[in-house]
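Enquirer: My request is simple: use the sequences and hints to build the entire structure.
The residues making up each chain are set out below.
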Amino acid sequence: MSGNCVIQPYGFAGIYMLLAAGTVYALRIWRFAPWTRIAAMAICGAVLLIPVRGMPLYAYPYGLLGELSVTTSLLLAGVVLAALTGRGFITSRDRAFLFVPVCVLGTILYATGMSILPAGIYEAGFRPLWILALLLAWVLSGWMAGQPMAAGCVLAVVAAYSLRLLESDNLWDYLLDPILVMWSWGWGMTMLVRRMMNRT
Amino acid sequence: MARTRVLRHAGFVTALTVVFLPAIREAALPLTWRVTVPGTAGLAGTVRPLYMEGFVQADEQSPVVHCASAVSLDDGNLLAAWYGGSREGATDVAIYAARYDARTSSWGESWPCADAGETGRDLGRCVRKLGNAVLCKDARGRVWLFYVSISMGGWSGSAINARVSNDGGRSWSTPRRLVTSPFLNKGTLVRGAPFLYADGSIGLPVYHELFGKYGGLIRIGHDGSLIAASRLSWDRVLLQPAIVALDGERLIAFLRNSGEPTRCILRCLSADGGRTWSEPEGMPLPNPDAAVAAIRTTAGALLLAFNNMEIDRDDLSLAISSDDGATWRVVHAFEQGIAEEEGETRGFSYPFIVRSDDGIYHLLYTWHRKRIKHVIFNEAWLQGRG
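Taken in order, these protein sequences are the chains called A and B. The working numbering numbers the first residue of the first sequence as 1 and each following residue consecutively. The working numbering numbers the first residue of the second sequence as 1001 and each following residue consecutively.
Hints listed in this document are in silico derivations from the structure and should not be mistaken for laboratory results. Errors might be hidden in some of the hints.
Said to hold, decoys possible - Now the stretches of chain B that chain A is said to cover, found in silico as 3 or more residues with beta-carbon under 8 Å:
| # | region |
| --- | --- |
| 1 | 1012–1023 |
| 2 | 1221–1231 |
Claimed, not checked - With beta-carbon atoms standing in for the labels, derived distance ranges:
| # | chain 1 | residue 1 | chain 2 | residue 2 | range |
| --- | --- | --- | --- | --- | --- |
| 3 | A | Val104 | B | Gly1011 | 48 to 56 Å |
| 4 | B | Ala1002 | A | Val100 | 28 to 36 Å |
| 5 | A | Arg164 | B | Cys1264 | 24 to 32 Å |
| 6 | A | Val6 | B | Asp1167 | 52 to 60 Å |
| 7 | B | Glu1026 | A | Leu140 | 35 to 43 Å |
| 8 | B | Arg1025 | A | Val6 | 31 to 39 Å |
| 9 | A | Thr107 | B | Arg1005 | 51 to 59 Å |
| 10 | A | Ser92 | B | Gly1154 | 36 to 44 Å |
Note that the structure is a prediction, hence the values are computed from the model and not measured. Every residue gets a Cβ at the ideal spot worked out from N, C-alpha and C, and that includes glycine.
Expert: Encoded structure:
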């Protein structure tokens, strides 16, 4: 029972996006030159492939976090692209359009997972007819509200689910993950504090 | 300008149709929840009572062994799997398997069929330790091994992996990770015996240990994909469901109770093949926070192997119910009473019952965490117990 570690492309991509987004975002805030951000991205990729005790480094956070949702990956890609180009691909309105439902749905999903609410919400994700109806309404409202990027994000989630790009067969895992829900909570808190400070 | 707008909208509607239509079509496919009830055709009629005891492996290969499971193979033999290592939760724990030759009534040498390093390499992620394993034979005769792995932390960090064997357990496919929990896929374990649905999918009893303990049922398709799931309870103390089909639609689940003493086994019922479950209710049988095993006999009664105590696991007994679990009668004690030994985990636990194609029942259980004990009995022996 021996052999080389199999690199899971989506698993590697998720961990890489997480590290790269954090790094280039920090470099952007500290006003490092754009070329340093590109170099940092390359270094991030190389670091994650360094073998540690017979496995590439990425395999350790991947073991802990598993695969990131498609939504998280797209938002992280948006952060990376914004840091590299200086141009925001995902506007604050897009973010609000994504984060508010994510915050609400994620809270309900995890509350049922913790037996706080007695409903099989996660289990419904294996036969997700009503969840698809919800996402369809979400995409339509995004399009009508002039948020094509946000609507495109949700479309990408459903497309990835149909193609089973992740390990999971559950639509929720394509849409949400704990990192995204915490991110949306953090975003919500920031918005709340900003609004309160503007009032005073 | 207007033309551009029309084109944009047309593009959007096309994208919407292309993306949503296949997903909706797939989700709307009807799923029958009819269960396959093991038949009794071909079983010998009245035969002499049979009762035998032995151990699965010839000697103590691992300091600690636990959580045995077995499946009847097409060739009439039995395949068992369990985990063993230096201690429970150690990084050297591996899943072992052994074959029982029904003709010679003996167990062959055991062999490792999964370890943490190999599982991690195949899954492309760090796997630090392994745990519970269960076996199952599908409608095509393939043997499935479902086993728990942990990347970080304790049992609440568990996830389930599946491997398939086309040669009765001699060789296995690379593992596939089953995603069963929204919390980074952490906290799900296996223990109870799987069963088959009429469409050939596997019903796998599972339980969750992260943010409370509760039982669940997942359905696994021919290709290893998860096609449905249900939840047995909303409590935070009920785990390790042992599920038995009463008929094609009715299921009964027996649950380990990890609540405050005094504890009893709980059961819940499903009238729709496991899609929905009744509220758990207590049974007049004690439970010392330990797993139970159940099976339906060829005569239609229910058998339950359980620790007949409220605190310890010193007693392992067999109870029978002839009225679909409403009333129970303890008919035999496989083990009763042990002397305490300082610093050693003793007791009899984690029973698993399987019936081979010749109608003989095989009970496997952990014997003082040192060995896997194997008890064989038949219907005639059961009838002789009154």
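Enquirer: Run every hint past the structure and note whether it holds.
Expert: Consistency of the hints with the structure:
1. With 7 residues carrying a beta carbon less than 8 Å from a beta carbon of chain A, the region 1012–1023 of chain B meets the three-residue requirement, and the given coverage holds.
2. For the region 1221–1231 of chain B, the stated coverage by chain A is satisfied: 7 residues place a CB nearer than 8 Å to a CB of that chain, which reaches the threshold of 3.
3. Evaluation of the 48 to 56 Å hint for valine 104(A) and glycine 1011(B) yields a failure: the beta carbon distance comes to about 30 Å.
4. At roughly 32 Å, the beta carbons of alanine 1002(B) and valine 100(A) sit within the given window of 28 to 36 Å.
5. The hinted window of 24 to 32 Å between arginine 164(A) and cysteine 1264(B) is violated, with their beta carbons roughly 42 Å apart.
6. Restraint check, valine 6(A) to aspartate 1167(B): a C-beta distance of roughly 23 Å breaks the suggested window 52 to 60 Å.
7. At about 20 Å, the CB distance of glutamate 1026(B) to leucine 140(A) disagrees with the hint of 35 to 43 Å.
8. Between arginine 1025(B) and valine 6(A) the CB atoms are about 32 Å apart, so this pair conforms to the stated range of 31 to 39 Å.
9. Separation of threonine 107(A) from arginine 1005(B) is about 37 Å and departs from the stated range, judged on CB atoms against 51 to 59 Å.
10. A C-beta distance of roughly 41 Å is found between serine 92(A) and glycine 1154(B), which places it inside the suggested range of 36 to 44 Å.
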